[in-house]
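Chemist: So the sequence lines, in the order shown, correspond to chains A and B. If you count by the working numbering, then the first sequence holds residues 1 to 611, one letter each, in order. If you count by the working numbering, then the second sequence holds residues 612 to 1222, one letter each, in order.
These aren't lab readings, by the way, just hints derived from the structure by calculation. Values in this document were obtained by computation on a predicted structure and should not be read as measured data. Hints may contain errors.
Said to hold, decoys possible - Calculated pairs, BS3-like style, for lysine-lysine (alpha carbon to alpha carbon, straight line, at most 27 Å):
# : chain 1 : residue 1 : chain 2 : residue 2
1 : B       : Lys740    : B       : Lys810
2 : B       : Lys740    : A       : Lys129
3 : B       : Lys682    : A       : Lys71
4 : A       : Lys129    : B       : Lys682
5 : B       : Lys740    : A       : Lys71
Stated by the list, open to error - Computed footprint of chain A on chain B, listed as stretches where at least three residues anywhere in the stretch have a Cβ under 8 Å from a Cβ of chain A:
# : segment
6 : 679-685
7 : 820-833
8 : 1131-1137
Each residue gets a CB set at the ideal place from its N, CA and C atoms; glycine is no exception.
Number of protein chains: 2
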Amino acid sequence: MANDHSYTDLLIIGAGPAGLMAACWAAQFHMKTRIIDQKSGRTPTGHADGLQSRTLEILDSFGIVDPILRKGVPHTEMAYWALNESTGRIERLKTSASLPGSSVYDQYLLNQGATEQVLLDSLNESGVKVEYGCRAENLTVSDSESETDYKVAVEVASAKAPDGTDGLQDRKTIRARYLIACDGARGWTRNQLNVPVDKNLGESTWAVFDIAPITDFPDIRQSCAISSGDRGSIMTAPRENRLVRFYIHPKGDRELCDDKNSSSNQTLEELVRTAESLMAPYQLRYKYCDWWSMYSIKQQLVKHLRPHNRIFLAGDAAHTHSPKAGQGMNVSMQDTYNLVWKLGAVITGVADPKILDTYESERGPVAAELLRLDVDLVGAYEKDTGASNGVESVRDQYSEFISGLGVTYSSNALISDQSPKGPAKNIRVGRRLDPFSVVNHAEGNSTYLTSRLRSDGSWRLLVFAGDLRQADSRFRLDSFAQSFSKRPFLLRMHRERYGSRDGWLLETILIHASPRTAVELLDLPEIFHPFDDTWGWDYTRVFADNGSGQGRGGAYEGYGVDTETGCVVLCRPDQHVAWIGDMDQTADLDSYFSSFVRDGSRETNGVALAS
Amino acid sequence: MANDHSYTDLLIIGAGPAGLMAACWAAQFHMKTRIIDQKSGRTPTGHADGLQSRTLEILDSFGIVDPILRKGVPHTEMAYWALNESTGRIERLKTSASLPGSSVYDQYLLNQGATEQVLLDSLNESGVKVEYGCRAENLTVSDSESETDYKVAVEVASAKAPDGTDGLQDRKTIRARYLIACDGARGWTRNQLNVPVDKNLGESTWAVFDIAPITDFPDIRQSCAISSGDRGSIMTAPRENRLVRFYIHPKGDRELCDDKNSSSNQTLEELVRTAESLMAPYQLRYKYCDWWSMYSIKQQLVKHLRPHNRIFLAGDAAHTHSPKAGQGMNVSMQDTYNLVWKLGAVITGVADPKILDTYESERGPVAAELLRLDVDLVGAYEKDTGASNGVESVRDQYSEFISGLGVTYSSNALISDQSPKGPAKNIRVGRRLDPFSVVNHAEGNSTYLTSRLRSDGSWRLLVFAGDLRQADSRFRLDSFAQSFSKRPFLLRMHRERYGSRDGWLLETILIHASPRTAVELLDLPEIFHPFDDTWGWDYTRVFADNGSGQGRGGAYEGYGVDTETGCVVLCRPDQHVAWIGDMDQTADLDSYFSSFVRDGSRETNGVALAS
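In isolation and in its complexed conformation, chain A is listed as follows (with noise of 0.2 Å):
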């Protein structure tokens, strides 16, 4: 049964931004894993834009985030214009930087397109297609208790058949052991599950369109936040190849807004006459139209991310609202980047199934203020005169949300109850690592700490060993190994890796504040350098400090951790801080994992790998 290809482990519905990152991240695991949607390829163009510097950190995770970086447009600075009454004329009141944030990234402006054929690429290199052309059609679960059963089964079609009719359609039958819908605003599978929404935050329409401009508007190739008072707004972003995105929200022109199910090309002139006229006296024209829309938007979230034990709602299926803030495929991406270590984790045998419920704890805040936000920014364009300055306070209240950084998840299954100043004092359990100057042991190449946090499935230790030249120190670390090496669940880790792919469960990575001259890296503990048959000694975890005044400084510096007392930092497979403790503190980060991770072999996953 298992051989049969119909059976998968994850079966994914829906190949936008949150869909294709859930593909790449199961491609990391070795499990089956299925991509459908009804749509005949990837978006064309247009649609989301904004790239948040949290998900350029996780796109370079994978390393893919180059192309982007290289076609896209950072997101540098912010101009606010308004209505000045009297003249009937809109004026610049000011321009902010962009908050410069903890990441080596900006953010950045770039089509869905171009993302979405980032993340094909990828899957495409890991040899994972997605099935374009399948429709959903059907959606049954069983209520077998076993836990390896395929317990969702999807019936698909073929959205079109061969000759490109709606002829005759190909009908079968997935079945999976786990669901991820991604299958956007209209939701088919929570609509299959009668899953409740709340549906009464509110509604707004938008017109949007990416041209390529012809305006004297002096401020046209920065984010602009343009408000005319009562006739409306405009928010403005620049794009690759001298496009621009415009989005217009107008009061009072329900015209416009009732014109909406029109695509003729009068409308988008009409779109462009009535952005030119918010932004009077200045002049906006345009030949090249790369994509428009109009639409309503409810401001929307699902009462429940998890509505059934197998099935989890990510990205618009599960929450939905206006474009102001740049934040949704962003938010989608991250929805489904938490999620699939965890279902990776549990397929392959290695977690319980009860980390899953982390999804939504983690999920569920996030979705929330998210929506909050929306309310809040939508309620300051409403209401913005320019005086008030509501907008930017609104993006200043919410920084840390909009770029993604601060997104810190409170304690639960995988995130240890602890007190926020621990001894890296700089360091916040729940919340993604900053990036911070180290040095390759082995090979003397400056690079940060965070860049080793590849998303490839391992958990890892970050041990802040002090200055090994110090007896203290250096009897400090070697007693941590030894008893790191007694710890069941560490060794394990330590040991193991996900079935057959690359990934260790967990690799443990040693940050020294010694000159790397006075340490030979094979006389640290083994356990910094294990030994493969083939590929000899692994020299790509042992790092050394790099000093302040390194790019964003160094990492004892940057974290806040004693070179006197050490520490140690245990990330999650995302990268979040799950637990921080001192280096005799083996058996509290063993219990850690013994709370979640199975003991003993991973017969229970047997159907599954055996396929």
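We have chain A; now place chain B onto it with these hints.
Modeler: What follows is chain B alone, placed relative to chain A:
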């Protein structure tokens, strides 16, 4: 006749790094290019693996450096080891940081196949396919005087019949206006033309292998020069995927050298044992070998890089030498990088063919210096006993050559004859520009001015206009623009493109030293924001100085330009500085172009463009 696909403007023989670079460059111009290679595909792995800083800058200028930085290993340090005769052990003498240089890129190490793949991917996007399995068999050159004639005829044959046998071969003749021979050390083209070669420089025998080493040698992840006294020497370099490149140069072990025709595993194992004996007391084992070879290298240099006015030799076809300094692939790619934009300008009718003389006058001295470096370095390895530090001293002496950043072309038809201390104190005529920081005026993001100098065929006129809040500076800029627009060659180059390709002949770029808010871009002279009917104004040509303390420092400080006087710097399409002048010297600048740019229409090129 010109429509027959066997007629091409440019024929490239050989699809190694030099040939692929030539084809990538040629794809930027509106002309027909073919590239053939008798091999069945790209280099799989191994071979050349050193990438200079300058080579990475060039790849960046094509937008394709990212995969190399992600896959390759930076060359950060060089460790020197030598035999202590009294103990019989090798000992570390010192570790030197590789010089920071003036590039944003370190030197990198990566197998040649990966570099070729990056170029192939870029070619593929341009719609150019390498014709693999196509062997040149006969070369004739007609005596026709007409410049547009297809004077070069190369008879080619399929290296293999479609069924893979050497049987029936498909022969045809390719006629080309120009031929670049990148056909390697054996130099088929060179031999066809009986080009004399200077062969008496020296010869050395090498063994090379790329293995995943299993060793307790502590510096295995650094570049090492290991001198084992009378017994020989080793060079190592860290590589991608846990590989290390080893070069062995045994002395006195003639048996090993005589074995070089053997390719059994036996011989590889002998080589590794020899390496281990040279590294005593350290162990060296391996299970995985990625590539290995033994070969003798004759140091040789052709007497003419342009043996016929339509035929150019580049890369190994022009110069061969030892792999000691990791230079071969770099100098080879830079040969064609130097040549092809000139050919592009000639073939598209922009420039007089006399500029092609500069290929030999610019690259000949580079090839000669390459051979001098190699002779010196091989000599140092031969003689070095550790105490003399001969290898390090040769590397120091040639450091600017080894990084590729020091190459400076002497005055010729394309490099003006100017004293080195002009109005930009730190810019040297004939040399590529250092990277210093500027801010994009319209978008507000920081960037290196050099990253604006993309390889699309454009010349760039960098206008350092000073602080535009000062009436003097503003007046000087307006005067410059007025004067510019009255100079016939400048105006033509400002307004025209190479055939239908994207690149302008000349881009005017303004770098001012004012706060961005004090200057509105559209108030500046129109040559700095030319208008396009479809795409509107060009917002990519105006930059503000970034002040000191930003990255490598701001542009005015870095380039040594006085904000009171300003200056104008002309960069060629290969980023080398051609001319530096004051802002009132447009006549001189126009005269520079008038000496080789063709006036009037490009009718002379009708045959090629019509195809």
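Chemist: Now tell me if each hint is right for this structure.
Modeler: Now the hints, each set against the structure:
1. Note on Lys740/B and Lys810/B: the hinted pairing is violated, with a Cα-Cα distance of about 35 Å set against a maximum of 27 Å.
2. At roughly 26 Å between alpha-carbon atoms, Lys740/B and Lys129/A fall within 27 Å of each other, so this suggested pair holds.
3. Between Lys682/B and Lys71/A, the direct Cα distance comes to roughly 20 Å. Compliance with the 27 Å bound is thereby established for this hinted pair.
4. At roughly 24 Å between alpha-carbon atoms, Lys129/A and Lys682/B fall within 27 Å of each other, so this suggested pair holds.
5. With a CA separation close to 24 Å, the supplied pair Lys740/B and Lys71/A stays within the 27 Å bound.
6. Coverage of a stretch by a chain is defined here by at least three residues with a beta carbon nearer than 8 Å to that chain's beta carbons; for the segment 679-685 of chain B and chain A the count is 3, and the condition holds.
7. Check result for the segment 820-833 of chain B against chain A: holds, 9 residues qualifying (beta carbon to beta carbon below 8 Å, three or more required).
8. Chain A is given as covering the segment 1131-1137 of chain B, and this holds because 3 residues of the stretch bring a CB closer than 8 Å to a CB of that chain, at least three being needed.
The structure fails to meet hint 1 from the earlier list, while all remaining hints are met.
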